[in-house]
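Novice: Working from the sequences, and respecting the hints, build out all of it.
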Amino acid sequence: MFYTLDILGTIAFAISGVLVAIDKKMDLFGILIIAFVTAVGGGTLRDLLIGNTPVSWMKDITFTYVILASAIFAMLFRGKISYLRTSLFLFDTIGIGLYTLVGIEKGLSAELHPVICIALGTMTASFGGVIRDILCNEIPVIFRKEIYATACILGGLIYFLLREFPIKDDYVFIMAGIVVITVRLIAVKFKIALPTIYAKEST
Amino acid sequence: MFYTLDILGTIAFAISGVLVAIDKKMDLFGILIIAFVTAVGGGTLRDLLIGNTPVSWMKDITFTYVILASAIFAMLFRGKISYLRTSLFLFDTIGIGLYTLVGIEKGLSAELHPVICIALGTMTASFGGVIRDILCNEIPVIFRKEIYATACILGGLIYFLLREFPIKDDYVFIMAGIVVITVRLIAVKFKIALPTIYAKEST
Amino acid sequence: MFYTLDILGTIAFAISGVLVAIDKKMDLFGILIIAFVTAVGGGTLRDLLIGNTPVSWMKDITFTYVILASAIFAMLFRGKISYLRTSLFLFDTIGIGLYTLVGIEKGLSAELHPVICIALGTMTASFGGVIRDILCNEIPVIFRKEIYATACILGGLIYFLLREFPIKDDYVFIMAGIVVITVRLIAVKFKIALPTIYAKEST
Chain A
0 MFYTLDILGT
10 IAFAISGVLV
20 AIDKKMDLFG
30 ILIIAFVTAV
40 GGGTLRDLLI
50 GNTPVSWMKD
60 ITFTYVILAS
70 AIFAMLFRGK
80 ISYLRTSLFL
90 FDTIGIGLYT
100 LVGIEKGLSA
110 ELHPVICIAL
120 GTMTASFGGV
130 IRDILCNEIP
140 VIFRKEIYAT
150 ACILGGLIYF
160 LLREFPIKDD
170 YVFIMAGIVV
180 ITVRLIAVKF
190 KIALPTIYAK
200 EST
Chain B
0 MFYTLDILGT
10 IAFAISGVLV
20 AIDKKMDLFG
30 ILIIAFVTAV
40 GGGTLRDLLI
50 GNTPVSWMKD
60 ITFTYVILAS
70 AIFAMLFRGK
80 ISYLRTSLFL
90 FDTIGIGLYT
100 LVGIEKGLSA
110 ELHPVICIAL
120 GTMTASFGGV
130 IRDILCNEIP
140 VIFRKEIYAT
150 ACILGGLIYF
160 LLREFPIKDD
170 YVFIMAGIVV
180 ITVRLIAVKF
190 KIALPTIYAK
200 EST
Chain C
0 MFYTLDILGT
10 IAFAISGVLV
20 AIDKKMDLFG
30 ILIIAFVTAV
40 GGGTLRDLLI
50 GNTPVSWMKD
60 ITFTYVILAS
70 AIFAMLFRGK
80 ISYLRTSLFL
90 FDTIGIGLYT
100 LVGIEKGLSA
110 ELHPVICIAL
120 GTMTASFGGV
130 IRDILCNEIP
140 VIFRKEIYAT
150 ACILGGLIYF
160 LLREFPIKDD
170 YVFIMAGIVV
180 ITVRLIAVKF
190 KIALPTIYAK
200 EST
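Chains as they are written, first to last, in numbering that gives the first Met the number 0: chain A, 0 to 202; chain B, 0 to 202; chain C, 0 to 202.
Among the hints, erroneous ones may be present.
The list cannot tell twin chains apart, which means a pair is met if one copy fits it or any two copies do.
Below are the DSS-like pairs computed for lysine-lysine, each with C-alpha atoms no more than 25 angstroms apart in a straight line [said to hold, decoys possible]:
hint, residue 1, residue 2
1, Lys79, Lys24
2, Lys79, Lys23
3, Lys79, Lys167
4, Lys24, Lys188
5, Lys190, Lys24
6, Lys79, Lys188
7, Lys24, Lys167
8, Lys79, Lys58
What the hints contain is simulated information worked out from the structure, not anything from laboratory work. Owing to the predicted nature of the structure, the values given are computational and were not obtained by experimental measurement.
Specialist: Shown next, in the form of structure tokens:
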């Protein structure tokens, strides 16, 4: 089941990359690359930082094929992709929840401090989008708008909190993942953003 | 002989970095750095992803000296460098051919899937230019214009195709390298670009 | 003592990140990230290139706490932080001196060539600022203005020069560090910049 969720998340991330790249008038190759880095960027950074090489996507060819297929699909049906907006947003949110917890667990296997594990989980979930925006010459959107990383951090805190209780590891994983997903859904639904430190008129 | 080609490619990559950096009015140090990352960026990313550390250029000081010398040369003669345009373009193209195949072979030694090896080869050849453009605050040129990565990918496909035949490894390497070089030369000569998915008027 | 200097440098780097991020109107999370990458970016790149993983900041949680505290402090008192400008500049300069030499010594432990060690030291000291500027969509300031990397390189040269003499390792470290710090202080005081290769009017 985790594998299926991972594939769904990969699809959503890849398609979000395609849409940004098309916006920037990139050529076919550029679009594929942006789809790719958006989908695997977070996991790659995580693997590099903890020294898990060759990095994950290099060891399972399935992800490469899924990304290529998603990218081609998104290019062909780009005019109609807005009909899929809700599904894509759901996949994306599931991906974020899953990647956050995968990142945390990889940090734990490397015997890192819980705070570092949460940072690693957040990076796994968000760095793909960051590198997508850098390659497209934009200030990364997660630094400026949405509650996104905040959902990852909250989920991570809940994860370590639940581990203090006698709950089976798998359930802790799932419950914390649901927290990430729920926080993000609620934040987007009710347009909740992080408080800003700027005065209203200057934003 | 491969070593000589490697040096020629390094020279061409370093000089291309210098020219872009001068265009951006960088200072001496900035120009050197851009020359450096353009020349070694691709190989560094490859080495990091497969866990081959310390990365290659750190283990052979020759490349550092070649890059420094090329950068100083390019700064001194920048007014006249356009006379060398053809040689530089040739060196650059040779570099791309060589780096693509070196990347592929490193991927094979790490026992990676052929598709991943081709991706690794393409990164080795093109990531230096990508990071050069990011540091100069531009959308990487290879995402938008030239047939460049396409040549690498074609060469990689030919490499794995030829390996199916009873041909000596060295010849496979050379023939695939020649494919990369030829595709790029033909594409530039006849101004062939990747098909775009955008309507004519919007480009 | 080195540990204290390291903390001071981290504080200065983190605060410099906060100030740039505020300038870009980032949200709370964005500001924290920029503070973080500015503070740990250089050491992270160094560790990745020589294969020292998990990277340093992941192994000592203190730095994460120092960065968080500095960032929160800087956000709360951002209106008044200009009163601390001199202290921050001093901390920053101390950080650069220290990081340069830490980078060089890590390079030596990995048995790298002196020139590569100096490059590694310079990266450790300067890459945090580079990645801060890239994330904020600016051409890195050290490529264009201040004598910064030059101070690191000079300090590195002095380090390897002094090692030829019968001086205790610790003193060599300290003396070379003082060179980095002094060069930078003098350069800023007297507004010395690297010579540019551009004609006056075009700058």
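Novice: State for each hint whether it applies.
Specialist: Against the structure, the hints:
Taking the shortest Cα distances, lysine 79 and lysine 24 sit within 25 angstroms of each other inside one copy (18 angstroms), while across copies they are farther apart (34 angstroms). Taking CA atoms no more than 25 angstroms apart as the test, lysine 79 paired with lysine 23 passes inside one copy only; the shortest distance there is 18 angstroms, against 34 angstroms between copies. Taking the shortest Cα distances, lysine 79 and lysine 167 never come within 25 angstroms of each other, neither inside one copy (43 angstroms) nor across copies (50 angstroms). For the homomeric pair lysine 24 and lysine 188, the shortest alpha-carbon distance between copies (24 angstroms) is at most 25 angstroms, but the shortest distance inside one copy (31 angstroms) is not.
Only between protomers do lysine 190 and lysine 24 lie at most 25 angstroms apart by alpha-carbon distance; the minimum there is 19 angstroms, versus 30 angstroms within a single protomer. Taking the shortest alpha-carbon separations for lysine 79 and lysine 188, only the intra-copy value of 23 angstroms comes in at or below 25 angstroms, while the best inter-copy value is 37 angstroms. Taking identical chains as interchangeable, the C-alpha atoms of lysine 24 and lysine 167 are never at most 25 angstroms apart, the minima being 49 angstroms within one chain and 43 angstroms between chains. In this assembly of identical chains, lysine 79 and lysine 58 lie within 25 angstroms of each other by CA distance neither inside one copy nor across copies; the values are 33 angstroms within and 48 angstroms between.
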